[in-house]
Amino acid sequence: MQSNPQLNANGELRHLLSIEGLPRDVLGSILDTAASFVGVTEREVKKVPILRGKSVFNLFFEPSTRTRTTFEIAAKRLSADVINLNIAVSSQTKGESLLDTVANLSAMQADLFVVRHGSSGAPYLIAQHVKPHEHVINAGDGRHAHPTQGLLDLYTIRHYKQDFSRLSVAIVGDVLHSRVARSLIHGLTTLGTPEVRVIGPQTLLPTGVESLGVRVFHDMREGLRGVDVVVMLRLQSERMRGALLPSAQEFFKHYGLTAEKLALAKPDAIVMHPGPMNRGVEIDSSVADGPHSVILPQVTFGIAVRMAVMSMVAGN
Amino acid sequence: MSVLPEAEQLCARLLAELKPLVGPNSAMIGLYTGGVWLAERLHAGLALTEPLGTMDIAFYRDDFHKQGLARDPKRTQIPFPVEGRDLLLVDDVLYTGRTVRAAMNELFDYGRPARISLVVLADRGGRELPICAQHCGAKVEVPADTRLRLRRGDDGKLKLELERAE
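Chains A and B supply the protein sequences, listed in that same order.
The opening residue of the first sequence carries number 1 in the numbering used here; numbering runs sequentially from there.
The opening residue of the second sequence carries number 317 in the numbering used here; numbering runs sequentially from there.
Calculated from the structure, these hints are not laboratory results.
Predicted model only: the values in this text are computed from it and were never measured.
We treat Cβ as the ideally placed atom computed from N, Cα and C, and that holds for glycine.
Careful: at least some of the hints might be erroneous.
[As the list claims (entries may be wrong)] Simulated crosslink set (BS3-like; lysine-lysine; CA at most 27 Å straight-line):
#1 A:K76 - A:K46
#2 B:K382 - A:K76
#3 B:K390 - A:K76
#4 A:K161 - B:K390
#5 A:K46 - B:K390
#6 A:K47 - B:K382
#7 B:K390 - A:K47
#8 B:K382 - A:K46
[As the list claims (entries may be wrong)] If the Cβ cut is set under 8 Å, some of the chain A residues that face chain B in the computed set are:
#9 G39
#10 V40
#11 E44
#12 V45
#13 S311
#14 M312
#15 N316
Please take these sequences and the hints and turn them into a complete structure.
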């Protein structure tokens, strides 16, 4: 059996590449550690010295201001030095290969690489070639995975609902193109969530998605009935051009979350969204800003979760 | 091997020692895990007005580069302003002094206390830093390859135990 590239010989987290394949105790440990970091982020001095002297390189081969910023804040709160590289407009345009870029940065004494890449598997490739003291965190690769987003979603759900073992969670929208959905589904099933539903039009659900252990709904009203958690996905406007959808208005009519549809979920249901939101496309403003919404707490928890992951991998 | 002192007796002794010393500006912080158990007892006995603070020094340890992050660190919770306070920092066993160093560093990220006094159930010597306890239940001699730990039984009773270091 090939060993898990994310874990060291002791089964501890060395890289974070995907939630898929992470054992339940490692997932639980990340969430517990994140809870301690939430305490740090609520203090006057939001900084601990644990990664002092370490260098974190944010390698963004694909633009993403928000994710990069949250990783940057997390690293700075751990006292690491952060170097942001927007490679989409740098070395690659000069023809440098991915591994050459990483080798160069490694020569600059990097300790941790946070990688966002348009191609699925790029962070794995880097993880296979880094030195023993270097660590890789996947900040989103192609359509494959976005593990820290999945982890912060899991953290948020645990924060509001405590226990996964009795929850029904609905993930709504463009599951096909969503690395967030994939990471979250793996996390939810690993932590023992009995019911995970995906809701969306046939064209935006991956074929064979049932094999991930989810129930599929095409009718949003039916799918939302009695759920504890509603996770809305961002509809990427470029999908509209690919003839997968007639129009944003049409999508909103069927799969946009409105107060009326949300009323079918449990009365204490929470509404999540990974951001950035398209108001009036996948979510109505009254819901996004309403009492069920935990979209902004997700962002705050996201920093603590990234602090947890960085400090765990950097020490292993 | 010498007989270990009774933790319950040491706890009572510390309580009697601290009682005349605490005032309205006093507040207490226990260090996980054994220090929190001891602090819970002392805090209740001293009837301090501020709720008990609890601290896990995992993010301030000086051996992160060797050991990595401690598994499942607890959340530090200090439910009162540290600034200007007369603080009682409570731990079970004082050994190298590194935990206390880390705890003081963490404390100063919450504010500037007027004073910090260290309260420990047992001092086993072996200091690696210039740190001493102002209030100490007992000095205990322990072989270097042995750990001295505080345990809490199901009945809530505290007990000192020796175990072989890994």
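We went through each hint and held it up to the structure:
1. A:K76 - A:K46: At roughly 9 Å apart (the allowed maximum being 27 Å), K46 of chain A and K76 of chain A satisfy the hint.
2. B:K382 - A:K76: 21 Å, holds
3. B:K390 - A:K76: 21 Å, holds
4. A:K161 - B:K390: 20 Å, holds
5. A:K46 - B:K390: 17 Å, holds
6. A:K47 - B:K382: Distance of about 21 Å is within 27 Å: holds.
7. B:K390 - A:K47: With Cα atoms ~17 Å apart, K390 of chain B and K47 of chain A stay inside 27 Å; holds.
8. B:K382 - A:K46: 24 Å, holds
9. G39: 4 Å, holds
10. V40: 7 Å, holds
11. E44: Holds, about 7 Å.
12. V45: 4 Å, holds
13. S311: Holds, because the Cβ-Cβ distance from S311 of chain A to chain B comes to roughly 5 Å (cut-off 8 Å).
14. M312: 5 Å, holds
15. N316: This interface hint holds because 5 Å falls under the 8 Å limit.
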